[in-house]
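Each chain, letter by letter, is given below.
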Amino acid sequence: MKIAGILQALLWRDIKLAMRRQSDVVATLFFFVVAVSLFPLGIGSAPSLMHAIGPGVIWVAALLSSMLSLNRLFSSDYADGTLEQLLLVPMPLTLILAIKIFAHWIVAGLPLVILAPILGLQFDMGAKDIGILVLSLILGTPLLSLIGAIGAALILGMRGGGVLLAILVLPLYIPVLIFGAGAVTASVNGISPEGALSLIAAMLTLGVVFAPFAAAVALRISLE
Amino acid sequence: MNWYKFSSPKTFYPVAGSLAPYFLGVAGALLILGLYIAFFLAPTDFQQGEAYRIIFVHVPAAWMSMFVYLIMAGWSVVGLSLNSKLSYMMAQALAPTGAIFTFLALVTGSLWGKPMWGAWWVWDARLTSELILLFLYVGYMALHSALDDVRRADRATAVFALVSAVNVPIIYFSVKWWNTLHQGASVSLTQAPAMAKIMLMGMLIMSISFWMYTIGVALLRLQCIIAEREREIIWMNEAQRSE
Amino acid sequence: MLKVRALECRRGASLLMSDFNMSLEAGQLIHLQGANGTGKTSLLRIISGLSTQETGKVLWNDVDIRTAREDYSSNLIYIGHQPAIKDDLTVLENLTVSLKLNGVNVDIKRLGEALEVVGLARRKNLPARVLSQGQRRRLSLARLWLDQRPLWILDEPFNALDVQANKLLEERLDQHLVSSGMCILTSHHTPNIDKKLLTEVSLGL
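Chains as they are written, first to last, in this note's numbering: chain A, 944 to 1167; chain B, 324 to 566; chain C, 648 to 852.
Be aware that one or more of the hints could be misleading.
Here are a few chain C residues that face chain A, going by a calculated C-beta distance under 10 Å [as the list claims (entries may be wrong)]:
1) T699
2) W707
3) N708
4) T714
5) R716
6) S720
7) S721
8) I732
9) D734
10) V744
11) L748
12) P774
13) N839
14) D841
15) K842
16) K843
Here are the computed distance ranges between Cβ atoms for each label pair [to be verified]:
17) C:S834 with A:R964: 49 to 57 Å
18) A:L984 with B:R554: 48 to 56 Å
19) C:R757 with A:G1100: 33 to 41 Å
No wet-lab data here; the hints were simulated from the structure. We put the beta carbon where it would ideally sit given N, CA and C, even for glycine.
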C-alpha cells in the first residue's frame, strides 16, 4: 500500500540519518549522565538524600536531555530544504510528523530509557523501583517528544531558538514530570504507582492523537 | 448592522478609543467599592486576623489571570479559523494584562504567606500553578516579539496559546496531585477562611472591576498595536513607490 | 490545468502582487520573469501550496488546491532554490528516498539510468556531501526523469548548471511538454525550447 511505503521510507530515512551522525545520540546520552551527576555534587550525597531525590533527579535530567535533542527533529531538514519537500508529500502532514517524532524518540528517547536503570543504581533504587522508573520513562519520553515537536515546529529557523524553545516547552512538560517522577517516588515510598502511571498513559494517548496535528499546523505556519 | 465592518483594524481603531474610557471608569468605581468592602465591611477573621484581607486582591487576580488566558485562546481560535488580523491583535493586547494579574496573584500570595507561614514562598498548588501560568504568558509574549514576520508571529502564538490553554487544567490538576503526594494533608496557604456572604460579594466586585480594567486597557493597547502595524505598512509602501 | 485568480500576495508588510491572474495548460511552459524582489519565488511557493495568499485562488482542474491538498500534491513536482539533498545519504539513497516519499516505485535499473543521464552515475555511492553545487542541482533535478507527474514548478532550475547540463534539462522539458506535461519556472535566461509552447509572464508592479 502506498501509504505504508511512504511511511516506511520516511522511518528508514530518519533512522539512517541518525545512525550516520552517532555523535548526536552519544552527546544526548552523555548529557543525561552528566546532568544526573551534578545533583549529588550540588546537594550532597548522604544516602538517605540520594534515595529521596533519585526519581526526581533522573526524571529532570531525562526531561532536559529530551528537550536538548528536540533541535535535531527539524533543523537539519529545514536547513537543506528537505522539510519543504515533506510538506509536498501526498499524505497528511500529521501522519508524516507522527513518524518523524517516532523516529526521533527511538534515537533520542529510547536510549535514555535503556540507560536509566544504571543511573537508578547510583541513587540506591531497588529493583522494583527501577522497574517503575523504566516504565514511567517508556510512557513519558514519547510524550516529551510529542509535546516538544510542537515547540520545535513553532521556533523553526529562529536564531537563539534553543532558549525560546525551553521557555515554551518546559511549562508544558511539567505535568509529565510530576506524574513520571511522582510514580517512582510513590513506589519508593511504598504507595501504589498505578494512578500516576495510568495518568501518564492517558496523557500519552491524548498526545499521540493530538500533538502531531498541532505540530503539523505549527510547521505549516513556520514554513510559509 | 454590519458587524463585519468592525473586523477591519482601521474601522475598529476609533471604536476602541471611544469605548475604553467607559470600561476604565466602571473599573475604577468598582475598585473603590470593592476595596471599601475589603477593608471596612468585611469582618475580621477569627483565625487569620487582618492579614487575610489581601485575599480580596489575591483571589480575583488569580481568577483573572486564568480567565484572560482563556480569552486569549478564544481569540486565537477565531483568528486561526477566520484568518482575521484583529483577533490576533486582540490576543496580543490581552497578554500583558493577564501576565500582570498573574504576577499580582503571586506577589499577593507571597505577602499573605509571610505573616501566615513565616516564609516568602510556599510551594502550594495554587501559587505553583500561577507561577507556571506566568511562564506561559512570558513564553507567549517572547515568541511574538522574537518572530520578525508579523503574520507568522500572530499565527504561531495563536497555536501556542491554544495548546497551552488546553494544558492549563492539566497543569493545575497535576500540581494539585503533586502537592498532596509531597505534603500529605492539603496544607493550603491560600485556604480562604469560611466565606461570609459579604466576603464573596467583595471578591466578586473586585473581580468584575479587574475584568472591566482588562477590557479597557486591552482596547487601548489594541490601538497602539493597530497604529504600529499600519505605520509599517505605510512605510513599506512609500519605500516601494520611491523605488 | 492550473488557474490563478485575483491573487494578492504579501511578504511582510509589502504588497508583492495584486489581482494577479494566470493560467497554465497541458503542453505549456510559463517562464516567470521579474527583477529581484518582485515575488517570483513567493508566487511559485503559493502555487505549490507551501505558502498561502492574502486573497485570491489557485485552482487545479477547477478545484481550490487548499481543499484537495494531497490530491494536488500528487500531481506536482516542486524544486525550489535549495537542492533538498541530505548530505549524509549517498547520491543513490537521496534519489531513492525522494521518489519513495512521493509514492513512486522505481527499480534500481531505472534509477541508475537517470543518474547516468544527469552525469552522476559514477558518484552514485558517494555521500552527497562531496558534490559540488552544480552536481547537487543535477541530483535534485534527476527526479524529473523518473517521475511522471504533470505539473512542474521549478525555481531557478538552471542555476549552477554547466552548458551540457543546461541542454539536458531543456531537452527534458521539451519531452515533458510534448507528452502533455506543463511547467512554470523562473530563470535568468529564456529556456531554449519550442517557442510555440512558451509563454512569458513578467512580475513587478
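(message) Would the hint on S721 of chain C be counted as holding, given a Cβ-Cβ threshold of 10 Å to chain A?
(response) holds (4 Å)
(request) Identify whether the interface hint at K842 of chain C stands, where standing means a beta carbon of chain A within less than 10 Å of its own. (result) Given a least distance of 31 Å, the restraint on K842 of chain C is violated.
(message) Does the beta carbon distance between R757 of chain C and G1100 of chain A stay inside 33 to 41 Å, or does it fall outside?
(response) At 36 Å between Cβs, range holds.
(message) For the restraint on W707 of chain C, tell me whether the closest CB of chain A is nearer than 10 Å.
(response) violated (13 Å)
(message) Please check whether D734 of chain C passes as an interface residue: C-beta within 10 Å of a C-beta belonging to chain A.
(response) Since the shortest Cβ distance to chain A is 7 Å, the answer is holds.
(message) Under 10 Å is the threshold here; is the Cβ of R716 of chain C close enough to any Cβ of chain A for the hint to stand?
(response) Status holds, d = 9 Å.
(request) Against chain A, run the beta carbon of N708 of chain C and see if the smallest gap drops under 10 Å. (result) Result: violated, 16 Å to nearest chain A Cβ.
(request) Go through the hint on I732 of chain C and say holds or violated, using the shortest Cβ distance to chain A against 10 Å. (result) holds (6 Å)
(message) Using the nearest Cβ pair, does N839 of chain C come within less than 10 Å of chain A?
(response) violated (27 Å)
(request) Would you check whether S720 of chain C satisfies its interface hint, that is, whether its CB is within less than 10 Å of any CB in chain A? (result) With a minimum Cβ separation of about 4 Å from chain A (threshold 10 Å), the hint on S720 of chain C holds.
(request) Have a go at the K843 of chain C hint: is there a Cβ in chain A nearer than 10 Å to its own Cβ? (result) With Cβ-Cβ at 30 Å, over 10 Å, it is violated.
(request) With chain A as the partner, please determine if T714 of chain C meets the hint condition of a C-beta pair closer than 10 Å. (result) Nearest chain A Cβ about 14 Å off; hint violated.
Of the numbered hints stated above, those contradicted by the structure are hints 2, 3, 4, 13, 14, 15, 16 and 17, listed in ascending order.
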